[in-house]
Amino acid sequence: MWNIYILECSDGTLYTGITTDLDRRLKEHNNSTGPGAKYTKGRSPVKLVYSRKMQNRSTASQEEYRIKQLSRQEKLNLIIQATRQAP
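With positions in the sequence shown counted from 1, the corresponding number in my numbering is that position plus 173.
Bear in mind the hints are in silico, worked out from the structure with no lab data behind them. Heads up, some of the hints might be wrong.
What the hints assert, rightly or not - Calculated cross-link-like contacts (lysine-lysine; reagent style DSSO-like; alpha-carbon spacing at most 27 Å): (1) Lys226 / Lys211; (2) Lys248 / Lys220; (3) Lys214 / Lys200; (4) Lys248 / Lys200; (5) Lys214 / Lys241; (6) Lys248 / Lys214; (7) Lys220 / Lys241; (8) Lys211 / Lys241; (9) Lys226 / Lys248; (10) Lys226 / Lys200; (11) Lys214 / Lys226; (12) Lys200 / Lys211; (13) Lys200 / Lys220; (14) Lys241 / Lys200; (15) Lys248 / Lys211; (16) Lys226 / Lys241.
To be verified - Simulated DEER-style distance windows between Cβ atoms: (17) Glu201 / Ser234: 27 to 35 Å; (18) Asp196 / Thr256: 13 to 21 Å; (19) Gly185 / Ser224: 17 to 25 Å; (20) Asn204 / Arg257: 29 to 37 Å.
Quick caveat, the model's predicted, so the values are computed rather than measured. C-beta: ideal position from N, C-alpha, C; glycine also.
Could you build all of it, start to finish, from the sequences and the hints given here?
Following this line, the structure appears as C-alpha coordinates:
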(Lines of atoms letter the chains of each structure in order from A; the text may use other names.)
(Lines give C-alpha, C1' and ligand atoms only; values in the text may rest on other atoms or scores of the structure.)
Protein backbone atom coordinates (compact mmCIF):
# COMPACT_ATOMS: atom_id res chain seq x y z
CA MET A 174 0.00 0.00 0.00
CA TRP A 175 1.32 3.44 -0.95
CA ASN A 176 0.68 6.77 0.76
CA ILE A 177 0.55 10.25 -0.71
CA TYR A 178 1.41 12.88 1.87
CA ILE A 179 1.82 16.62 2.37
CA LEU A 180 4.20 18.05 4.95
CA GLU A 181 4.23 21.55 6.37
CA CYS A 182 7.82 22.72 6.71
CA SER A 183 9.11 25.00 9.47
CA ASP A 184 9.10 27.95 7.04
CA GLY A 185 5.40 27.37 6.26
CA THR A 186 5.95 25.85 2.81
CA LEU A 187 4.29 22.60 1.75
CA TYR A 188 6.06 19.49 0.46
CA THR A 189 4.28 16.61 -1.31
CA GLY A 190 5.60 13.06 -1.65
CA ILE A 191 4.77 9.35 -1.76
CA THR A 192 6.00 6.42 0.34
CA THR A 193 5.16 2.91 1.49
CA ASP A 194 6.16 3.70 5.10
CA LEU A 195 4.86 7.05 6.31
CA ASP A 196 6.43 6.91 9.80
CA ARG A 197 9.88 6.08 8.44
CA ARG A 198 9.67 8.75 5.76
CA LEU A 199 8.61 11.44 8.22
CA LYS A 200 11.59 10.58 10.43
CA GLU A 201 13.87 10.78 7.38
CA HIS A 202 12.54 14.23 6.50
CA ASN A 203 13.14 15.45 10.06
CA ASN A 204 16.69 14.04 10.22
CA SER A 205 18.87 16.68 8.54
CA THR A 206 21.68 14.17 7.93
CA GLY A 207 19.49 11.30 6.70
CA PRO A 208 18.04 10.39 3.31
CA GLY A 209 15.16 12.90 3.39
CA ALA A 210 14.40 15.09 0.38
CA LYS A 211 16.78 17.98 -0.36
CA TYR A 212 13.85 20.39 -0.15
CA THR A 213 13.09 19.57 3.49
CA LYS A 214 16.71 19.43 4.73
CA GLY A 215 16.90 23.13 5.62
CA ARG A 216 13.23 23.38 6.51
CA SER A 217 12.87 20.94 9.40
CA PRO A 218 11.12 20.18 11.57
CA VAL A 219 8.29 19.19 9.27
CA LYS A 220 4.85 17.99 10.30
CA LEU A 221 2.41 15.75 8.50
CA VAL A 222 -0.73 17.68 7.51
CA TYR A 223 -2.28 15.32 4.93
CA SER A 224 -2.06 11.68 3.92
CA ARG A 225 -4.11 9.27 1.88
CA LYS A 226 -3.64 5.59 1.07
CA MET A 227 -3.30 4.60 -2.56
CA GLN A 228 -3.53 1.11 -4.09
CA ASN A 229 -0.28 1.13 -6.03
CA ARG A 230 2.76 3.20 -6.92
CA SER A 231 1.38 4.26 -10.29
CA THR A 232 -1.78 5.73 -8.78
CA ALA A 233 0.21 7.37 -5.98
CA SER A 234 2.64 8.94 -8.47
CA GLN A 235 -0.22 10.27 -10.59
CA GLU A 236 -1.89 11.82 -7.54
CA GLU A 237 1.43 13.27 -6.36
CA TYR A 238 1.86 14.94 -9.75
CA ARG A 239 -1.71 16.29 -9.65
CA ILE A 240 -1.26 17.73 -6.15
CA LYS A 241 2.10 19.29 -7.04
CA GLN A 242 0.34 21.18 -9.86
CA LEU A 243 -2.12 22.80 -7.41
CA SER A 244 -1.63 26.30 -6.06
CA ARG A 245 -0.79 26.72 -2.39
CA GLN A 246 -4.39 27.75 -1.66
CA GLU A 247 -5.76 24.69 -3.46
CA LYS A 248 -3.44 22.46 -1.40
CA LEU A 249 -4.62 24.15 1.80
CA ASN A 250 -8.23 23.59 0.72
CA LEU A 251 -7.44 19.90 0.11
CA ILE A 252 -5.94 19.64 3.62
CA ILE A 253 -8.93 21.39 5.21
CA GLN A 254 -11.41 19.20 3.33
CA ALA A 255 -9.59 16.01 4.39
CA THR A 256 -9.48 17.20 8.01
CA ARG A 257 -13.25 17.80 8.01
CA GLN A 258 -13.89 14.31 6.63
CA ALA A 259 -11.63 12.56 9.16
CA PRO A 260 -13.49 10.51 11.79
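Okay, the hints, checked on the actual structure:
| no. | hint | result |
| --- | --- | --- |
| 1 | Lys226 / Lys211 | holds (24 Å) |
| 2 | Lys248 / Lys220 | holds (15 Å) |
| 3 | Lys214 / Lys200 | holds (12 Å) |
| 4 | Lys248 / Lys200 | holds (23 Å) |
| 5 | Lys214 / Lys241 | holds (19 Å) |
| 6 | Lys248 / Lys214 | holds (21 Å) |
| 7 | Lys220 / Lys241 | holds (18 Å) |
| 8 | Lys211 / Lys241 | holds (16 Å) |
| 9 | Lys226 / Lys248 | holds (17 Å) |
| 10 | Lys226 / Lys200 | holds (19 Å) |
| 11 | Lys214 / Lys226 | holds (25 Å) |
| 12 | Lys200 / Lys211 | holds (14 Å) |
| 13 | Lys200 / Lys220 | holds (10 Å) |
| 14 | Lys241 / Lys200 | holds (22 Å) |
| 15 | Lys248 / Lys211 | holds (21 Å) |
| 16 | Lys226 / Lys241 | holds (17 Å) |
| 17 | Glu201 / Ser234: 27 to 35 Å | violated (19 Å) |
| 18 | Asp196 / Thr256: 13 to 21 Å | holds (20 Å) |
| 19 | Gly185 / Ser224: 17 to 25 Å | holds (19 Å) |
| 20 | Asn204 / Arg257: 29 to 37 Å | holds (32 Å) |
Comparing the model with each numbered hint stated earlier shows that hint 17 is the single one that does not hold.
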